[in-house]
Structure formats: structure tokens, C-alpha cells
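*Asks:* With the sequences and hints as input, model every part of the structure.
Residue numbers (the numbering used here), protein chains in the order written: chain Y, 86 to 371; chain D, 120 to 449; chain F, -8 to 307; chain L, 77 to 402.
Hints are supplied without guarantee of correctness; some may be wrong.
Unchecked claim - List time: in silico DSS-like cross-link candidates among lysine-lysine, alpha-carbon distance up to 30 Å: (1) F/K0 x F/K78; (2) F/K250 x L/K272; (3) F/K250 x D/K354; (4) F/K96 x D/K354.
To be verified - Far from chain L, some chain Y residues (derived; all Cβ distances over 10 Å): (5) P142; (6) V189; (7) L209; (8) E259; (9) N282.
The hints are simulated quantities; they were obtained by calculation from the structure and are not laboratory data. Note that beta-carbon positions come from the ideal geometry of N, C-alpha and C, so glycine has one too.
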Amino acid sequence: MTEPKKKNEFLYFALRNNKLRIGLTVVFFFLVLTFVGPQFTDYTPYAYVNPMGAQPPSSEHWFGTTMFGQDVFTQFVFGLQATFLVGIVGGGLGTLIGVVVGFVAGYRGGIVDEILSTITNIVLVIPTLAILLIIAAYLEVRGVFTESIFIGCTAWPWTARAVRAQTFSLRSREFVDLARLSGMNTWKIIFQEVAPNMMSYLLLVFILQFGGAILNAATLDFIGLGPMEGISLGMMMQYAVLWGALHLGHWWWFVPPGAAIMAIVGALYVTNVGLDEVFNPKLREM
Amino acid sequence: MRRYFGRKLFIYALTFFLAATIDWMIPRFMPGDPVQNMLSRAALHAEAAEVMHGYYTRAFGLDVPVWQQYINFWIALFHGDLGTSVYLFPQPVLQIIMRAVPYDIFLLLPAILLSWLAGNKFGAFAARSKWLDNTISPLGYILTATPYMWLGILLAWFFGIVLGIFPIAGAYSFTMRPHLSWAFVGNLLKHWFLPFASLFLVKFGGWAIGMRNMIIYELEADYSHYLEALGAPRKLVRQYAYRNAILPQITGLGLDLGVVVAGALVTEVVFSYPGIGYLILAAIQNQDYFLIQGCFLFIIIGVLLANFIIDIVYVIVDPRTRTGMQGETV
Amino acid sequence: MSLQVENLKVYYQTLGGDVKALDGATFSVADGEIMGLAGESGCGKTTLGHSLIRLTPPMRFIEGRVTLDGKELPVWDMEEMNVFRFKKISIIPQYAMNAMNPTRKIGKMTAELLESRRVNAQATWPELKRRLDLVELSHDVLNMYPIELSGGMKQRMVMVLSTLLDPSLLIADEITSALDVSSQKAVVEMLVEFRNQRCCNSVIVITHDISILYQIADSIMIMYAGQLAEKAPTETIIHAPRHPYTQLLISSLPEIGVKHDEKRLSGIPGRPPLLLDPPAGCRFRERCPVAFDACLEPPPFTEVASDHFVACWKEA
Amino acid sequence: MLSLDGVSKVYQVGTFGGKELHAVSDVSFDVTDGAVVSLIGESGSGKSTIGKMILRLISISAGTILSDGVDISTLQGRALKEYYRNVQGVFQDPFSSYNPIFKADRVFKTIREEFFPQVPGSEWNNRVEGALQVVGLNPAHVLDKFPHQLSGGQLQRFLIARALLLDVRFLVADEIISMLDASTRIDVLNLLADLKSRGLSVLFITHDLSLGYYISERSVILYRGCVMEMGRTEKIYDRPLHPYTQMLMASVPRLDRKWEEAANVMKGQQSDLISGCVYYARCPVAARNGMCSRGRPALVEVEDDHFVACFHAGIGTMATARSSER
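*Replies:* So, in C-alpha cells, the structure goes:
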């Protein structure tokens, strides 16, 4: 059957996919807020700006103030920064490790595959949070960046598995054999022949890793193992619970951070499904 | 089949071995002196600090060579000796953990199993029509993207504070003593419900999405098309697809346990529910390293055990693993 | 007349528009006839086969009339066709290796399928066993999962299953393409045996391998670019074809005894037209060595001799 | 000249290599310069494995493959690259032979990058166009296109042109026309035959006996990794001596005659006989308690350039004689 040119085809479907449109809109909204948000506030996250203590949202303090009179909106936009940083660094690192392990295991096969797969399976069954917890507990200095690194280092196994399976099937394709007959070396084949075929897939993987890293960071922050300085959405929730916002009914303190995480991660998931439909002709709706 | 289990057991044994080793290694190879850190940060009486210092030097066995420390650690482990808690001094860590474990089982088991069952049913239902799909799937994505603690906080705030119909702290009322009576069991369930609900809802979303995707895939499989070509009613086609779609969901259950554990930890924190999660928070706040390490080991053991049970179930439900042709790469 | 198809048009919906995969087919299959349906990939033979039994998106019914044993088949309606499927019209699919539910024992699956069609499974069982004997399968397969069977065994099992209710028309879709020569022969011979034993009345064998059709088919129909080119008794198609496409196609087939340095065969230059927007007139025109002015009009599929239909202006 | 001497391929099956799978066992044959040799067998006969071993895509478990007297398993790095200058392959699936996200002519660019970086662009383009013309393609029609815009036949010719750009002297053609349509496959086959006049040797791997006959001087019949019969093509086809070859010949659908009502050839399952003839379980003439189950028959030259591995080659001859009388 005939096919229109590949690139136009993707664009055509991408622009018509509602899931993609909704997902990307939400993600971009928060991304813009992250960069533009600090322009709308004159405070720092921990500054005691409202002597009245906890106050509901008002024109002066859009998201209200905490028990200590800190501006929730300020905390929120700076917290968003930490969230996106964790997503990019943690999710990126998780993707990177997973992809490299998966590529090598899938392409080399044999004993290399055997060893890498065993390691993958081991890291896969160890609960991520438990390992993060024990590392974080002993770290003397913790920042958003180190947190991201550790999240990335524990989140890669499922990616490695998936990439391995994909590489495996690509490796048996005959164009890889032909590349070998052209005298290309292994790395060249992996990066010039195998990897480009998986770009769409890797994008999907990264999106999922991004969302996963955000959720993991929120969990760590919430139990007090987050960064020692700065603010994050998870820490906002931790403080809110710690200082009784629940009992006192200070809903404006704990609703925004969780809602933002839910919206961002949810939008990422929906984007992922939308992209999958765009890339995968089988899933396209007629 | 024997090979399949052999391989699985090997992986689990290796995992446990490595996890325990990490557990042992981290306090020793992290920067700084853990004993000093712990004692300086923990608020202790002077004489207690004296006792503790002597105890920890012995416990960490810093006077013997590293390999000796390592072997001693394993010997102690096999004797069930996980050390002594700092913040609940002088209770042994094992004893403290054993007290918490029943609550975890009580909370996690129903949450995991019921969300899995309901999620699967709902996901299969969503795949029935476009209209259902377009309403149920977004709900699933929103639920599965919700941070556990946030849902917990919302539920606690709304049902506990605003409506005031559920308690939001503890496993039972402070005024009660654990005993077997309707009143106590009722109280227990009332405290249990909200943490359970928040765990259940988030997981439910994930399973529903997973099932919906799997069943759509199965409905496009060759055997489904063949059934259709032979005029099988939709009910039978769906029934077959559902049975086959459930298999990867079982595997998914194993892979997902780590996430559920994380969710349980923060949920317990929100509701002050006295399981391991709550214990960990207390241990972190009190710099009780022995307790943290003990909890870590328990979580690993729990997850490995659950995985093994799932493996057994999988072999029972999927004939392909039994005939020995597949199953190596579950 | 067992099957009659009149002006059947089934298109594929794609992004760029409708692909005219089957563009007006009119033919009939007689009682007990094994009709071979051959052509190159993309000629519409599979579309034709599938549209007779399971017409699903992206396939779209445009027009046409299909009658089987005097009753019109509602091929455009997935639900209503269920009455006819299995009992009146059945298929051995190309994917026979994966056609059975991997997690059900074959016997149980068969029983459930029969019961779902309101056929008493118990009453059918003796006949099922007799047919297993016919294809030399042990009765034990009913207690096995599909994965325990070899490829050839699965193929034979599907064959038995598809014909269990003695359909009036059986469609065999590329059943030999994945098999070795020795298994090929066994499978198609079983197909003939099934027909002889009245396990099915008429058969349409879809394949790209004309030499197999020569061995078993009573008649052969050649398709080209979504349309019928020629239909005639087997001997006629092989030894006295009249459509230029059929002639070129048959003469391009290498055979044992033909060597390149003794008798050099040649293919047909060019490619079939794209069916998204096929050219007007005869679709073979561009590749045809004898095309002339009349070929700018679409040639009718006419009977040039008894039971011999050709769509070519040279013959009309 | 390429020669295989006692070549075997054994796979370790199972996680820790518990079982062995003999994909190819003790295969020896030569391909002389300018010859076309057919490697014929059913699926699982090891025919593609042999091709891949020659191309060094998989390792050789035992035996040697000599290319002009050099053991190819010793080739590494530059020497291996030089080997690929002379020995190339074309595979079954034309679409899978191209990276779907790149244009088809990328295969030429790769060749240039790896082997001819010093050749100036315009000269290279001339070479490409020349090679395309040899394989019967119009450069203007096929260059700068994506694989899905070309037909299977065009893509396979493309790969042959790719090999011609190198100094290719030996081509492994692994089922290269089995996925092509009838109307175009014969042209690719003719092209292969024509390359012979350029001094090229071809190993033609196929399951289709009529194709093997059409193109090759010599044929090798394989079953489960073992050579059953080999020699001059006409001799094997006119007078097949091995029961397996006879069965294959009887099963080929032909246009000049119909199948005989023969005994069902599917009978008997493959079994793992440790010693003995690999065809034992399916063989109609095997002595059920005799040597066929104990020893593996050696390949014996029964007439000039006609080898058979069967204890009963004589009986087989009689069977053929009888069937041809009918």
C-alpha cells in the first residue's frame, strides 16, 4: 500500500492527536510557570512575609500563606523548578543507564547479556525506595542534584529490559548483518544503525522515566530525605503535614503541590500514550 | 519448570545477598563516622551515650578487620540479631519490626489484591467501547499519576476533618487496648479504611490502564481473529482475551511491588499508621540507623517472598511455562 | 452454484484515501469446486478471501452482492455474518500456527467454541475424532495446549477445526506459504481429501504459488491490481491462458528441467499500479506487450469459452 | 575458491548450555571460481547457518572454511575487512535488509565510507551508476528514495549492485528471491546467473528445487545440518539416490506433471537419534534394526561428481527406477 512521506505523516497525526495536544499543553503550562513564576513574586520560599501566619489565598498571596507566614505561591514555583530538575536529571540518567545496559546486553548477547540481565533482574526486584532510603539516610549533604542522581541510578532496570528486547529484535534484522559485512564496528552499528530506529521508543521511555523520577522524589522529600536546602513540592507536603495543616484545615498549603505533581505526571503519561499512537500505525484511529 | 524455579531462586538469593551486603556496607563506607554522627545527633542522656558508644563500637566491630566485620554481620543476621534500637532503647530491632509487620500485611495485602482485581475488571470493561474508554482511561491516568501521600492527605482532610467521619491517625483509638471484640475490630477497620483507600485508588488506576492496553492487544491477536472468523460470540472472544491479558498483569504485580511498598510507607506516614513505614520515619528523625537497616532488610525479604509466590502462581495459571517451552524471560 | 459474487468492491481506508484493493469482482464457484485464487502480493486476493468471511476495518464494504447456496451473505455486517460463519462459510487462516488460544487445551477450546455456536459438542466429538484420524493426528492433541504441537500439527488441527461443521465454502488462505515442500504436499492433499469426503463443499485456495494450484485445483482465477484477470479450468489456465498477464506469469515460472543457459525465462517488466488512484482502463496496460487503443477503457470480464472468463480487449 | 572442510555449528541451548543443538554437522564442499552452487534444504537444514558462517556473521564450531587457502576464522580487523571486499551476502527479506528510517542508497554511502574514502565524489557517483546499470536499474528512478518506495526486486538488485561496487568475487545469496513476486523473481535470478560471466562465484541458498536447477551447476542437499547428497545438478535431479532427495523431488509441485499418489511423506517425527542416520526416523528404506540406526553413513562418491550419504543408495536407485517406469 502507499504511504505518505514519513515525517509529514508523523506531524499529521501528532497535530490531530487529542491526547498529545492535551498532555503537551499541561506540561508546557507548568514548564512556563516554572520559568515565569518567580517574576511574579517578590519573596523567597522561606521568608516570613505574612505576620498573620496561615491565611487562605488572597490577591496579595495568591496561594495563601503557611503557618509561619511563608508565601505558598513562591514555594510552589520554586518547588516546580526542583520537580523539573529531578525529572530531567533523574529521568535522563535512568534512561541513559537503561539504554546503555539494554543496548549492550541485547546486541552482544551471550555471556555479556547473561550477566547484565542478572544484574538488571536483581535491581528490578529491590524496591527502589528502600535502597534510596538507606543511601539518603547516611548522606550528610543532600541536594536536589544528588537526589536526582540516586533516583536515576535505581530507576533504570525496566528500561534496560525493554531496550534489550527491542535491540534483540533489531539485531536480528538483516540490515545489521549487512552493516557488519560493510566492515562497520560494533559501536558504529549500535549508534548508526540500531539506535536511530529506536529514537521514538526512547522518547517514550524518557517520558515515563521523567514522570517516575518526579514521583520518587516527591516520596523521598515527603519522608524527610529530600534536599537539605531549597524547596520542593514533596517538602511542601511534608511541612504541611508536619505542622498540622490537615487538622487546622489549611488546605491551600497541601493542595497545590500534590495537584501540580499529579497534573504534570498525568499529562506526561497521556502525552506518552498520544505519542505511541502517533509512532505506532497499529494504534492510530481512523 | 524446575529450571525456571531454579533460576528464579538463584536470582532472589543473589538479590538478598547483595541487598544485605549493601546494607552492611553503606554505614561503613559512607563519608563520616556513623557512630559519632549518630551519638552526637541523637538526644541521649550522658550515661546512655556512654553505654551506647561502647555498644556501637562493639556492634560495628570497628576493631576487627573488615572481612571479619562482614562475616560477623552475617552470623548475627542468621541469628535474627539486627541490633538494638536507639530511639526505643533497649528494645531489639527485630522485636520492634515484628510488632509493626502485622499492620503492614493488614494494610498492603487487601490494597494490592483488591486493586489488582478491580483494576483488571474495570480495564477490561473500558476496552468494550470507545465511549467507556474515553471516560475510564483518563480517570486511570489521573489516579496512577497521583502521589500516594497527596491522595492520603486529601482523603484524610476531607473525610477526617471536613466531614469528620473517619479517624486519621493510628491503627486504633488511643483509648482502646487491643483485644478481641466487635467494638475493637470495628475501630480497627475504621482506622484502616482511609489508608487502604488511598493505596487502593492509586494502584487501581494503574492496573485498569494496564489491563485496557493488554486486552486491546489480545483482541487483535490471531487467535481472537480466528474465533471471530468462526462466528464466536463477542462474549467468548472477550473472555479468552481477558484470560490471556491477565497473565502479564500477574508478572506486573511482582514488578510493581517495590512501588507499592514506597506508597505504603508514605501513606503510613500520613495516617500515623504503625507499620514499617511509620517506623522508618521515626527512625530517620531519630537517626536510628540500626532500625533503618532492619526495616530495609525486612522490606527486601517481603518483596522477594511476594515475588516468589507470584512466580508460583504464574506457573499455575500459564500452561506455557509448564510445558517447559517458555518462561525463562518472564 | 455454491458461491456467487457480483461486482464486489472492498476498499482499504488509509490516510491518503481509499485503496481500491478489490474493485469489482464477479465470479462463481460451483458445488464441490476447488478454485485456486492466485496473483502477486497486493493484487487483492487476500482482501477478496477475507471480505467473504470477516470484513473488518480498515476494510470497507463499498458495494456488491455475495450469495452462498442461494442466500445472500450480509458480508458488511460483522454481527449478522455470525449466523453463517463456521456453519456455512469457514476459513483456514494464513496464521494457522497462532490461530488457537495458547492458554486453553485444544479440546476444551473446541468444545467452548461449538457450544457458543449452539452446537452440541458431545454429539460432534466422534466426528471430530474421525477427522483427526483423517489427518493422522492422535486424539491426545485434544488434551494438549497449542504450544505442545509442532507447526505442521497445528496447521492440521486448524484444518480439522475450521471444517468441523461441514461448511459449504472453505477459504484456505496461503496455507502452504510457510511450509517446506514435503509438508506443503501433505497439507494440500489433505485439503483435497476433505473436499472428497464432503467435509466441505467448495474451496477457494488463495496462494501465490501457481504450481501448487495446478496439482489440486479444478479451476484457477488470476487477479491483477484489485481486479479479476482470468478464470478458467486449471488445465486451460496453465496450458492455454488467454490473458497476456497470465501468459507472461506462467511462462516466467522456472521448473525442474529448465536451466538458465538452455532456456532463459524472463519476468514482466514494470510494477503493478498503485491502487490508491489506479489508472483508468485496463490496469495491466502499462506492462502489457500487446496493449492497444481499446485498453484505455476497462475491459469487461467476459466468458470467451465455456467456463473461461477473461478481462482483455484482445479476447473480447 | 572457497572450500568448507568438516564445518560444524553447535549451539548451546538452555541457560547454562545444558543441551547441544547441532545446526550444521561436518559439512565439506568447494565452490570453485565462477561457479554457482545451490545449497538446498528445508527449514532447519542449516543452509542459512552455513551462509552466515561463510560471511563470518556467526562463528564456526569445528572445521575450517578456507578462502583462497586462508582460514577465514583467523581474520581480524583489517584482514576481515579485506575479506569483505571479496565476499558479500544478499539476504532473504529485502525490506529488512534496509534500515527503514534511511534512504535506500545509504548502503552505497556506507561502502564508500568504509572501503573507498579516498575516491572523489564524482567518480564514486559514476561507479554507483555503473553498478546500477549492470543490475538493470535506472539510477534516476531508484536513487534518493526510501526503501518502502521501492519494490522488493529493486531492493535486491540494489544489494547486488552494492556488492559489485566492492571487488566482490564470492556472493552468498540466501533465499534472495523467495519473497519476491513471481513476475520479478526470474529477472533477479537471471542477473545472478549473468554475474557468473564476470567471474563471480555464487552460493545460492534455497528451499525451492526448481530455482536450484535453473541456476546452478552443482547442488548440495542438506537435511538437519548434514549433507545427504551432492554433486552435479543434473545428476542429482535426474537420478536422486538418497531417499530424502527422492522425497523432495516427488513433493515439488510441477507444472508439467501432477503428483503421484505416493505414500504420505509426513509420517514419522523427527527424533534425536544420537548415532545413526539423521534421516532415520522419516526414511522409508532404512533398515529398522540395522546399521541405519547405529552409524552415520559417510558421503560416498557413487559416480563421477555425485556423492550420497546413504547405506541404501542402491535400494534408492531401484525405487527411482520403478517410479519412473510408472
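*Asks:* Each hint: holds or not?
*Replies:* Hints, verified against the model:
{"no.": "1", "hint": "F/K0 x F/K78", "verdict": "holds (25 Å)"}
{"no.": "2", "hint": "F/K250 x L/K272", "verdict": "holds (14 Å)"}
{"no.": "3", "hint": "F/K250 x D/K354", "verdict": "violated (57 Å)"}
{"no.": "4", "hint": "F/K96 x D/K354", "verdict": "holds (19 Å)"}
{"no.": "5", "hint": "P142", "verdict": "holds (51 Å)"}
{"no.": "6", "hint": "V189", "verdict": "holds (19 Å)"}
{"no.": "7", "hint": "L209", "verdict": "holds (18 Å)"}
{"no.": "8", "hint": "E259", "verdict": "violated (4 Å)"}
{"no.": "9", "hint": "N282", "verdict": "violated (6 Å)"}
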